[in-house]
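Number of protein chains: 2
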Amino acid sequence: MARPQQFDKQEVLHNAMRVFWRKGFVSTSLADLLAATNLSKSSLYSSFGGKRELFLAAFDAYRENRRQDMYQILSEGPARQAIESMFHTILEGAKASEFSNGCMSINQAIEMAPHDDDVCAKVKEDFQTMEKALAKTIERGQADGSIRGHKSAYELARLLVVAFPGLQVMVRARCDTNRLNEALRLLLSLLD
Amino acid sequence: MARPQQFDKQEVLHNAMRVFWRKGFVSTSLADLLAATNLSKSSLYSSFGGKRELFLAAFDAYRENRRQDMYQILSEGPARQAIESMFHTILEGAKASEFSNGCMSINQAIEMAPHDDDVCAKVKEDFQTMEKALAKTIERGQADGSIRGHKSAYELARLLVVAFPGLQVMVRARCDTNRLNEALRLLLSLLD
Chain Y
1 MARPQQFDKQ EVLHNAMRVF WRKGFVSTSL ADLLAATNLS KSSLYSSFGG KRELFLAAFD
61 AYRENRRQDM YQILSEGPAR QAIESMFHTI LEGAKASEFS NGCMSINQAI EMAPHDDDVC
121 AKVKEDFQTM EKALAKTIER GQADGSIRGH KSAYELARLL VVAFPGLQVM VRARCDTNRL
181 NEALRLLLSL LD
Chain X
1 MARPQQFDKQ EVLHNAMRVF WRKGFVSTSL ADLLAATNLS KSSLYSSFGG KRELFLAAFD
61 AYRENRRQDM YQILSEGPAR QAIESMFHTI LEGAKASEFS NGCMSINQAI EMAPHDDDVC
121 AKVKEDFQTM EKALAKTIER GQADGSIRGH KSAYELARLL VVAFPGLQVM VRARCDTNRL
181 NEALRLLLSL LD
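In the order they appear, the protein sequences are chains Y and X.
Numbered per my numbering, the first sequence spans residues 1 to 192.
Numbered per my numbering, the second sequence spans residues 1 to 192.
Just so you know, not all the hints are guaranteed correct.
A pair counts as met if it fits within one copy or between any two copies, since identical chains are not told apart.
Here are the computed lysine to any residue pairs in the SDA-like style, where the Cα-Cα straight-line distance is at most 25 Å [what the hints assert, rightly or not]:
id : residue 1 : residue 2
1  : 95        : 120
2  : 9         : 73
3  : 136       : 177
4  : 95        : 135
5  : 9         : 46
6  : 151       : 25
7  : 51        : 25
8  : 9         : 28
9  : 23        : 7
10 : 136       : 178
11 : 136       : 11
12 : 136       : 174
13 : 151       : 185
14 : 124       : 6
15 : 132       : 76
If you are wondering where the hints come from, they were derived from the structure by calculation, not from laboratory data.
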């Protein structure tokens with residue numbers, strides 16, 4: 001009997017996530033996954049079930065990481081500045097010497113969500129999580145004085161959530177960062 | 001010698017466009033294209049060159065249609081109302097009984113633009129065309145009195161252009177239309 005392959009599940013998920021993030025679901029082949037994870041085909045199937053199941057698990061790992069990053073950024077410093085930092089990280093992606101993969105959730109809103117209910121539910125949850133986190137931060141800013149506008153925190157948050165995929169898409173299409181920065185400045189002026 | 005297949009090039013492009021729009025580039029197979037266009041493989045290759053060339057031609061046909069639709073909508077009635085109509089058509093897509101394919105340019109910003117320079121150039125051009133058309137409409141509104149805000153037309157247009165893919169992505173992920181409508185209302189209040 002063959003010995004079961006030993007591996008670190010978190011590391012496998014991370015490596016699978018990187019390839020799914022870069023290539024999307026459809027364009028990622030089984031060969032890509034075996035190369036990225038260093039697993040045998042039988043180990044991959046017995047441990048994860050198959051390509052789609054591995055994708056969903058890798059996507060969840062990605063989402064959890066990004067959620068923690070977002071909470072971290074939004075908790076640092078005055079609220080207005082924290083929100084600016086969160087949006088500036090999107091534009092920073094455009095400056096990377098190697099092309100940025102964008103945000104996997106946004107990519108999946110386009111690729112899989114329209115015809116895959118599981119992916120759709122995850123992407124919608126991500127937008128809702130972001131709306132809630134931004135609304136709380138805006139409330140914090142209205143309390144700490146860094147956000148002087150008195151518009152409803154939830155309304156403002158909803159608009160910022162719309163801008164998030166908008167910027168991600170435009171960065172991915174390599175649009176001019178200076179123009180995106182101007183748009184962002186005008187958007188954030190709604191907080192003043 | 002076999003007789004060359006007779007066909008209407010515009011109709012073929014339209015049919016190919018529909019399948020590429022719905023499935024994207026990678027997921028569209030040669031078999032899908034032959035079924036959609038009713039062409040033989042040899043006709044398709046001799047007339048269009050191959051899958052990628054057919055895709056680029058079909059994408060251009062789509063872009064030209066959408067550009068004309070946009071000019072039409074933006075020319076009708078007071079400028080403020082015309083801009084509202086343009087953005088409302090995105091949300092209307094969410095109500096269609098069959099799932100909307102979203103905007104092919106936005107889908108391609110995610111799918112192909114990051115690694116295909118030709119697609120990237122087309123998508124960027126679409127954003128620029130939209131920015132210019134919106135800026136002209138805002139200037140018209142500032143003249144006809146329907147837009148009372150005095151912010152720079154180009155700055156406002158840039159922000160609206162960011163919201164366009166944002167809304168498209170969120171509609172495609174089947175997000176709640178009422179919330180998107182609220183976000184849109186707040187965004188357009190910048191025109192007042």
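Hints, one by one, checked against the model:
no. : hint        : in the structure
1   : 95 <-> 120  : between (30 Å within a copy, 17 Å between copies)
2   : 9 <-> 73    : neither (28 Å within a copy, 53 Å between copies)
3   : 136 <-> 177 : between (28 Å within a copy, 22 Å between copies)
4   : 95 <-> 135  : neither (28 Å within a copy, 27 Å between copies)
5   : 9 <-> 46    : within (13 Å within a copy, 50 Å between copies)
6   : 151 <-> 25  : neither (40 Å within a copy, 42 Å between copies)
7   : 51 <-> 25   : both (9 Å within a copy, 21 Å between copies)
8   : 9 <-> 28    : within (19 Å within a copy, 33 Å between copies)
9   : 23 <-> 7    : within (24 Å within a copy, 36 Å between copies)
10  : 136 <-> 178 : between (29 Å within a copy, 21 Å between copies)
11  : 136 <-> 11  : neither (33 Å within a copy, 52 Å between copies)
12  : 136 <-> 174 : between (31 Å within a copy, 24 Å between copies)
13  : 151 <-> 185 : both (17 Å within a copy, 13 Å between copies)
14  : 124 <-> 6   : neither (35 Å within a copy, 47 Å between copies)
15  : 132 <-> 76  : within (17 Å within a copy, 38 Å between copies)
Hint violations for this structure: numbers 2, 4, 6, 11, 14, all remaining hints satisfied.
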